[in-house]
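A.B. asks: Chain by chain, the residues:
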Amino acid sequence: MASVQISDVRKSFGDVEVLHGVSVPIEDGEFVVLVGPSGCGKSTLLRLLAGLENITSGTISIGGRVVNNVHPKERDIAMVFQNYALYPHMTVAKNMGFSLMLRGASRSEIDARVKKAAGILGLNALLDRYPRQLSGGQRQRVAMGRAIVRDPQVFLFDEPLSNLDAKLRVAMRTEIKELHQRLKTTTVYVTHDQIEAMTMADKIVVMHDGVIEQMGAPLDLYDRPANQFVAGFIGSPAMNFLEGKVSANGSLYVQTSGGDKLPLKNIPQGSNGREVVYGIRPEHFELGEGGLGAEVVVVEPTGSETQIVARIGNQEVIAVFRERQSVKPGDRISLRPRADAVHLFAKDSGKRI
Amino acid sequence: MSTVEDAEGRTIRRGELSWWGRLQINRNWLALWFMLPAAFFLLLFLAWPLILGVWLSFTDTRLARPGKFIGFENYEWLWDDSVFWLSVFNTLLYTIVASIIKFVIGLYLALLLNRHMPFKAMIRSVVLIPFIVPTVLSAIAFWWIYDSQFSIISWSLKQMGLIERNIDFLGDGNLARASLIFVNIWRGVPFVAITLLAGLQTVSPSLYEAATLDGASAWQRFRYVTYPLLTPIIAVVMTFSVLFTFTDFQLIWAMTRGGPANATHLMATLSYSRGILSGQLGEGAAIATAMIPFLLAAIMISWFGLQRRKWQHGENNE
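Residue numbers (my numbering), protein chains in the order written: chain A, 1 to 353; chain B, 1001 to 1318.
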């Protein structure tokens, strides 16, 4: 186990710079999730960490040692690939023991460590099978087994669950988290799925276009997103954004172009009359008198909650209610944003006010 | 009583159908019906001539004179014929040496071409050139290169002062064998290289990355990842390579016609020489037929080599 320090790392492919100076401190034993939309550079950062690509500038150190020019095999890291990258011509046991075999470990030692890892992951019955004979979830587990066997300083996961079906994904998510709690190995996990990030991470790093938008504990990101991008990315369904102008006279509302008055709890200093984006999460709407007049467009009951897509003026918003609601498309309803849960962002920079 | 559905979805009780009716709706038989035309042409143009050829080897047919059945006499005659045994030796030598070298160079080239490098597409097509030049054309080119008086190799070596007299590439037995093997390799390498390259490109790059992180050196990545994953295609390409080399005729005939003193006669050229040129059709056919066991052996080896690899065709766990 080791801490990892990523300092001002830049990466260019030819003339195109895909990482523009990224710094992430990772503590020993921490579970860090890099999350962002495709093309944000999260996988590239992971590959730099693994040593599969060369760093253009900046430094990466693992356990206090700068590894910029250290060969991948000497970095003592293990990686789980999106497509698992199991060796198709080797049995599960051989796949898991391959790194030990290369290191020249004795047969009995390989056997013991493979058995131990297989025990942790429930793979004992599958050790003699070939990858072809396994289901997606089993392959996923073998890929993790291959990483565990090595007892590395750092685990890297590159979108490991994206090839699994929804139900299995949830199960494996829990399994990986359990595994981390048990082994306490420093882990860097890449995903585009914010739910995975929220549920698994000690620390989330939200990336976008090669820069870090925000870094922090899952609930901090949820409660205090630093900018409009993070606010829209974290949370599902996504936060609603309504454009408007903070009242100039000190009254507690934001006025939209349609004339609706969106309530505020307080006005941040010096924001009177400012053009803002008013952010409210779907779960922070209440139904009731004195709210914003809205027309129901779609009703989506999921059983545990009800999602209502409604139109306020010319903008669509999503509201989520724990209770069952008996509304139909076309109904007029009154949506009241909870003033204490409002996020305000500057319209020009997108930064939190 | 069990029931089946016919093509229109009508349910029919099995007992009601005649055997002919059952054959008409059975899927396996349907496949057979579709294959019949192809099978007919294969039998007519491949199997039948082969059978005729084997039959011919049991007769004393000569050019323009029908023969009669003479049993194994041709084979007995060949058994005591030192030239025949020389041609068998030549063929085996030619096939084994050329195939091994073609494999090694072809694999090396394929690995090289599989890397990222400038002008990749152009280099790949250049590699194919020996393969696309007609055999006879390249044979004539090499004939000149090997010529006893005008050889460019001899000339160059003389210019450099390394030798004093021309090398008679095709005049000396062993030298002629080596020269022909060289030309065969030159012609055969592109086929091996391009096919293996195609195989290499099916290997997922993430396997190499995984192996790198697992601590494998370049040689270990080849030994434990590339090579095993390539074995199925190696088996196929080497079977073809061996078959083509074993039955080679054009190169030899264009360059040496089996000479000097039968030193480069392969079974194919000897068969042609005896059967067509000397008119001993029966004996020529016997030599050609004698190639069949060797070819079958080569096919069997690769067939059983392919069978062993359980990991490729996976689901059932035997």
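Hints should not be assumed to be uniformly reliable.
[What the hints assert, rightly or not] Label pairs and their in silico Cβ distance ranges:
(1) Leu1111/B to Asp220/A: 49 to 59 angstroms
(2) Gly14/A to Pro1260/B: 35 to 45 angstroms
(3) Ile1096/B to Ala171/A: 30 to 40 angstroms
(4) Ser1217/B to Ser106/A: 53 to 63 angstroms
(5) Pro1205/B to Glu243/A: 39 to 49 angstroms
(6) Leu1111/B to Gly104/A: 24 to 34 angstroms
(7) Glu17/A to Ala1038/B: 31 to 41 angstroms
(8) Pro237/A to Leu1030/B: 46 to 56 angstroms
[What the hints assert, rightly or not] If you want a taste of the chain A side facing chain B, the calculated C-beta under 7 angstroms gives, among others:
(9) Asn83
(10) His89
(11) Phe241
(12) Lys261
Don't read these hints as lab results, they were simulated from the structure. Cβ atoms here follow ideal geometry from the backbone N, Cα and C, with glycine treated the same way.
A.B. asks: Is it true that Ile1096/B and Ala171/A lie within 30 to 40 angstroms of each other by Cβ?
C.D. replies: 56 angstroms, violated
A.B. asks: Is the interface hint for Lys261/A satisfied, with its Cβ closer than 7 angstroms to some Cβ of chain B?
C.D. replies: Violated, about 55 angstroms.
A.B. asks: Do Leu1111/B and Gly104/A keep their Cβ atoms within the hinted range of 24 to 34 angstroms?
C.D. replies: With a Cβ separation near 26 angstroms, Leu1111/B and Gly104/A satisfy 24 to 34 angstroms, so the hint holds.
A.B. asks: Can we keep the Asn83/A interface hint, with Cβ of chain B closer than 7 angstroms?
C.D. replies: Since the shortest Cβ distance to chain B is 6 angstroms, the answer is holds.
A.B. asks: For the hint on Phe241/A, does the least C-beta distance to chain B fall short of 7 angstroms?
C.D. replies: Nearest chain B Cβ about 38 angstroms off; hint violated.
A.B. asks: Can you let me know if the beta-carbon spacing of Glu17/A and Ala1038/B is within 31 to 41 angstroms?
C.D. replies: Violated - the Cβ-Cβ distance for Glu17/A and Ala1038/B, about 58 angstroms, lies outside 31 to 41 angstroms.
A.B. asks: Between Pro1205/B and Glu243/A, does the beta-carbon spacing fit 39 to 49 angstroms?
C.D. replies: The hint (39 to 49 angstroms, Cβ to Cβ) holds, given that Pro1205/B and Glu243/A are roughly 46 angstroms apart.
A.B. asks: Given the hint of 35 to 45 angstroms, check if Gly14/A and Pro1260/B actually sit that far apart at their C-beta atoms.
C.D. replies: 59 angstroms, violated
A.B. asks: Cβ-Cβ distance between Leu1111/B and Asp220/A: within 49 to 59 angstroms?
C.D. replies: 51 angstroms, holds
A.B. asks: The hint says 53 to 63 angstroms between Ser1217/B and Ser106/A; measuring C-beta to C-beta, is that right?
C.D. replies: 20 angstroms, violated
A.B. asks: Could one say that the CB atoms of Pro237/A and Leu1030/B fall in the range 46 to 56 angstroms?
C.D. replies: The hinted range 46 to 56 angstroms holds for Pro237/A and Leu1030/B, with Cβ atoms some 53 angstroms apart.
A.B. asks: Does the CB of His89/A sit less than 7 angstroms away from some CB of chain B?
C.D. replies: Because about 4 angstroms separates His89/A from the closest Cβ in chain B, which is inside the 7 angstroms limit, the hint holds.
Of the hints listed earlier, those the structure fails to meet are numbers 2, 3, 4, 7, 11 and 12, in rising order.
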